[in-house]
Structures are given as C-alpha cells and as structure tokens.
Amino acid sequence: MTATTQAVALDSDGAARRTAKRSDIAAALACTLLALIAGCSRSESSRTLIQNKGSDTLVNVAQAWAENYRRVKPTVAIAVSGGGSGTGIAALINGTVDIANSSRDIHADEREKIQSQTGKAVVEHKVARDAIVVYVHKDNPITQIKVSDLACVYGEKGTCDSWSSLNVQVPGCADQKIIRISRQSNSGTYEYFREAVLGKESDFKLGSRDMQGSKDVVDLVSKTPCAIGYSGIGYATHEVKTVCLSKDDAAPCVIPTIDSAKSGEYPLSRWLYMFTAGDAQGEVKAYLDWILSAEGQKIVADSGFIPSS
Amino acid sequence: MAVERALEIVVRICGYSATFFVFSIFLFVLLSGSDFIVNRLNPGEFLLSTEWVPTSVTNKRYGTLALTIGTLSVTSLAMLIAVPFGLGAAVFVSEFTAGRTKELLKVVIELLAAIPSVVWGFIGLVIMNPLIIEWLGAPIGLNVLNGGVLLGLMSVPIIVSIGEDALKAVPDSYREASLAMGATRWQTVVHVLFPAARSGLLAAVLLGVGRAIGETIAVLMATGHSVQIPHSVLDSVRTLTATIASELGETARGSDHYQALFAIGVLLFTLTFVVNLSADLIVRGARGQR
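Chains A and F, in that order, are what the protein sequence lines are. One gets this note's numbering by counting positions in the first sequence from 1 and adding 1308 to each. One gets this note's numbering by counting positions in the second sequence from 1 and adding 8 to each.
Only chain A is shown next, with the shape it has when bound in the complex (with noise of 0.2 angstroms):
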C-alpha cells in the first residue's frame, strides 16, 4: 500500500474518515467570510426603526397598521409584538419600546415608575374601542347571561361551577362543569374583565385555563363543550356562540355589536391604548397621527374594532 499524504483515522464503528486538509479549511473561511460580509449589508441607507409592543388584542390591528404604513412610508418600519399589556408597559418602562400597546388603563404605580425611570410622563392614545365578549361552544343552549353570573362563575369568592346553577345543560358536558377559560396574568383583556365584572379588590378564582392570546381562548372555546371564555369582539368566529349581556336584573339583555358597543348599551366595553413615556416626536408622532387618521380607523373597523371617533 502507497502512503498517502492523508492521515486516515478509524472510529470503533470502523468508518473512515479523512482528517481535513489545508483547502477545506481555506474553502470554510471563504464562506463563512461571505456570509459575514453578505449579512452586514444593508438595502437602504438611513431607516427609522419604530418599536411596538404589548397587547394581544392590539396585535393583530397593530399588525395591519404597520404593513400599511409601510405602503404610506417605506423609510419607517414598524416592529409589532404581542406579549399582553402587562408586558408592553414593563418595557415602556424599560426603555425599550416606542410605543406601548395596551387594552386597559395605566396603573397609579406604572405612571410612577415611567415617570423616575425615563423622565417623562406617560401620554396616552386612545386608538380604538373594543368589546369583551362572552364567548361559549355553539351547541350551549344558553341565551343570556348576567354580569352577576359571570362573577359568579369566574371570582374568588363565586360559587357558580356547574352550569346547571345557571340553568342550562348542556350536550357533550360531562358532569355540567363549567370549565373557565381566562388570560394569563400580562392581559390587558384579563385585568379590564377583572376590574369591570369582578371588581378591582377581587381576584379570579384559581384553576381556570389561562390562555396566552385572545385567539387561543375562542380556539379553546370552540373545542370543548362545558367551557365559557372571554376575548375581544374582534376574535369572534363561526365555531363559537356569543352571548348577549345584561348589566344586572333589570337592564336588558345587550347582543355585542359594533353599534352597541359604540353607544356604550354593551356592559363590556373599553378603550384601547397606545402609550408613549413623553409626547410623541418625529416619526413616532406621524405614525400615531396617521394611526387616528381615517385611513388607520378603517384598518381598525375592517379588523372587527370600532373606531375610536
């Protein structure tokens, strides 16, 4: 056998293999040197670079304005994260975001902390209304429901767990337990139904289902027949059945629309936020602007929201 210039190396499989030789190595650098050189270019020269987290019921709307921004201005770019209000208001407070999206109001002590940590109070925009909606499977017979009833089922101190103390039963459910479907903690959604149905001072009772987004509580709705969840009016598909509200005993039962939630008739109705620590310049000011312009409240009617004006 003729030595060769290659060591040849054998494992305890018996393979073999060849140790590298100088111009693998060469041909290794050249790529990866190209990758490195073809990552660090850039297509355009100076872009302003918006950023745009929070809620999840924003999200989706956040979402669309950004894509139609950049049609409106294509040297701004806008980058959307969900994550809960909760979250984008921490990083309000961070630092780290322009603009923080959020479906309830700010906290006395969020104020505070925005205001020692970056120097300028909080601005806030009201962008668009939304309505929290009841949401249940479709083959639950049941017609309406009262706040009363939904602290009952979802609060601390609420004795409701079976759907036969609400009269209904419903096909499919085994034992007639209702299974609550709610937020996790960072949802704007989750504090606005706790201060609005439960009551600030009050906390939901432990062991609902908590979902991450507003989509996921109508997709988990859907599947199970015992449960009863809450999202925003935009998130409404054919799978499930909304559930018209009343107040309490003497009000009417109100059906969740665009119209009722617009008059404030529906029980469950809110502002949307977008806030920024100081009043918004330059870009982030045109943005917002465009955001409050028909243009943008179309987007938010076409996405299931009702416009702010």
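FYI, nobody ran anything at the bench for these hints, they're computed from the structure. The C-beta atom is built at its ideal place from N, Cα and C for all residues, glycine as well. The reader is advised that the hints may include incorrect statements.
What the hints assert, rightly or not - Listed next, the in silico SDA-like pairs over lysine to any residue satisfying Cα-Cα at most 25 angstroms (straight line): (1) A:Lys-1485 x F:Val-61; (2) A:Lys-1465 x F:Glu-59; (3) A:Lys-1465 x F:Leu-73; (4) F:Lys-68 x A:Gly-1466; (5) F:Lys-68 x A:Lys-1485; (6) A:Lys-1508 x F:Thr-66; (7) A:Lys-1485 x A:Thr-1467; (8) F:Lys-68 x A:Lys-1523; (9) A:Lys-1523 x F:Leu-256; (10) A:Lys-1531 x F:Phe-130; (11) A:Lys-1446 x F:Pro-138; (12) A:Lys-1508 x F:Leu-256.
What the hints assert, rightly or not - Rough simulated footprint, nothing fancy, chain A against chain F, three-plus residues with beta-carbon under 8 angstroms: (13) 55–61; (14) 77–84.
To be verified - Negatives, chain F to chain A, calculated, CB over 12 angstroms: (15) Thr-27; (16) Ile-45; (17) Pro-51; (18) Glu-118; (19) Val-197; (20) Arg-246.
For this one, chain A is given, so just place chain F on it according to the hints.
Structure of chain F alone, referenced to chain A:
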C-alpha cells in the same frame, strides 16, 4: 514536557469551569430574587400555599405548591412512559440489532430529539386535545395526560442515546462469559448487563427527568396552564417553568413579582438538585451493598 503541563492545566480549567458556570448561574438567580427572598418571602406560604396570585391589587399571594405539584405530576407521568420505552429501546438497539438496522434505528430515534419543543406543544394543542376529549370523555384535552405523554416522547431519545452508550460500554467479555455459562440473551441483559451498566442507565434516566422538569413551551401549550392541584390525569395544571415563562415579560425589573419568579427559579434548581442527589445516593448505596 512543558506542552504536557500546559495541556494538563487547560484541561483542568475546562473541568473546573463546568462547576463554575453552574454555581454562577445559581448565584445569579439567587441574587436577582434576594431582596424579596430575604425580606418579604414567607417560606411557609411560598412552599405550602396553593394560591399563586401575584397581580392582585389588594391581596398578593405567592404560593407555589400547586405549581410544584403540577411540575411533579407531569414529570412523573412522563417518566412512567419514557423509562420503559426508553430503556427497552436502548436494550433493543444495543443488544438485538446489528449493522444497518442498528444505524437506521439510531438515526430515527435521534430525529425524534430534533423536533423543537414548540412543535410538540402544537401537536398537543391541535392533535391530542380533541383526541383526549373524544376517546376519554374528558371535559378538556389540555391536561396532565397531554403534557405527560408529550414530555415522555421528548425524553425517550435522550434515554435511548445515553442508555445505549452505557450498554455499549460494558465489555463484551461479560456477555461472552454469561452466554458461555448457558444463560439466554434476555437473562444476560437483565442479570449481567443492567447491573454492570447501572450508573450509566441511571444517568440516562436522570437526564430524561431533567429534560422533563425543565421543559417550558410544550407544557405551557399542552397542560392547560391552570393553577390547581390535579385530582386525576385529566385535570389541567400549571408548571413552575411555564409560570416563569409567561409572567417574567410583564414584570418591571426588580419588582416583587419579578423577584418572586426568580425565587421559583431557585426552587426549580433545588428540585433538580434533590432528584440528582437522591439518585446518586441510591446508586452508591446499591454499589456499597456488593
């Protein structure tokens, strides 16, 4: 000679660095939550209360018992599934296959490990959820069973790979001696190979347990994320890891809630340490008896 000395020092540093990194991470987690842990944490409430309500306006409670039981229940179910399947597969691949079949099986099993955990979570959410509702009549398909099966399937490739390596490390002379004495292949596996490869197999199972305890996104999606003590495998639970993942983003840095989540991190560390330590002692104890 000097080169030898230098290499020895480098290798020694690498060895110590592993311990150093683990300690640093533990210290970082501990210090991030230290103010809350030392001053405001009530250990009885933290460890024994089932009420985890950190965002309450009037009555904040930081009880992790329900979360710990959630983690333990899902992990135990996962191990009940993964250990027999994993060790069985390891024995099969190591002892009863050879050549092409062996290589093919090894590759396919490692492929199972390559599936990202979010895909597993998706499978649990979309495929297993309706199946559990339909086949078992459960009111909801996101529960301990769903999470446990997913974690079991995720841990199997780890147990198989390392278990197979442990069995491969047993010298052939053991097998030959056993067969020469007239034992069947199965008797060889159970009475000769398992005791000989015991610590390696235990390490395989421990790494599987570690994977299951530390898994975050799959259990976040598949267990129903519900703070309660489960009364059956068809109940939803929430794990410690999923709690940290879902809540850390919303907390302001340094707030009580933020630090409480780091306290949960310390709890997770302790849990894993206790599991590993007890397994190590069991192996030593069994070895001591011989």
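Hints and how they fare:
1. A:Lys-1485 x F:Val-61: 23 angstroms, holds
2. A:Lys-1465 x F:Glu-59: 14 angstroms, holds
3. A:Lys-1465 x F:Leu-73: Holds, at roughly 21 angstroms.
4. F:Lys-68 x A:Gly-1466: 19 angstroms, holds
5. F:Lys-68 x A:Lys-1485: Violated: F:Lys-68 and A:Lys-1485 sit about 28 angstroms apart, past 25 angstroms.
6. A:Lys-1508 x F:Thr-66: 8 angstroms, holds
7. A:Lys-1485 x A:Thr-1467: Given pair A:Lys-1485, A:Thr-1467 holds - Cα atoms ~12 angstroms apart, limit 25 angstroms.
8. F:Lys-68 x A:Lys-1523: At roughly 28 angstroms apart (the allowed maximum being 25 angstroms), A:Lys-1523 and F:Lys-68 break the hint.
9. A:Lys-1523 x F:Leu-256: 21 angstroms, holds
10. A:Lys-1531 x F:Phe-130: 15 angstroms, holds
11. A:Lys-1446 x F:Pro-138: 16 angstroms, holds
12. A:Lys-1508 x F:Leu-256: Answer holds: A:Lys-1508 to F:Leu-256 is near 23 angstroms, not above 25 angstroms.
13. 55–61: holds (count 4)
14. 77–84: violated (count 0)
15. Thr-27: 30 angstroms, holds
16. Ile-45: Check passes; 21 angstroms lies beyond 12 angstroms.
17. Pro-51: Non-interface label stands for F:Pro-51: nearest chain A Cβ at 21 angstroms, farther than 12 angstroms.
18. Glu-118: Non-interface label on F:Glu-118 holds, nearest chain A Cβ at 15 angstroms vs cutoff 12 angstroms.
19. Val-197: It holds; F:Val-197 is separated from chain A by about 21 angstroms at its closest Cβ, greater than 12 angstroms.
20. Arg-246: F:Arg-246 not clear of chain A: closest Cβ-Cβ about 7 angstroms, inside 12 angstroms.
Of the numbered hints given earlier, the model fails hints 5, 8, 14, 20; all others are met.
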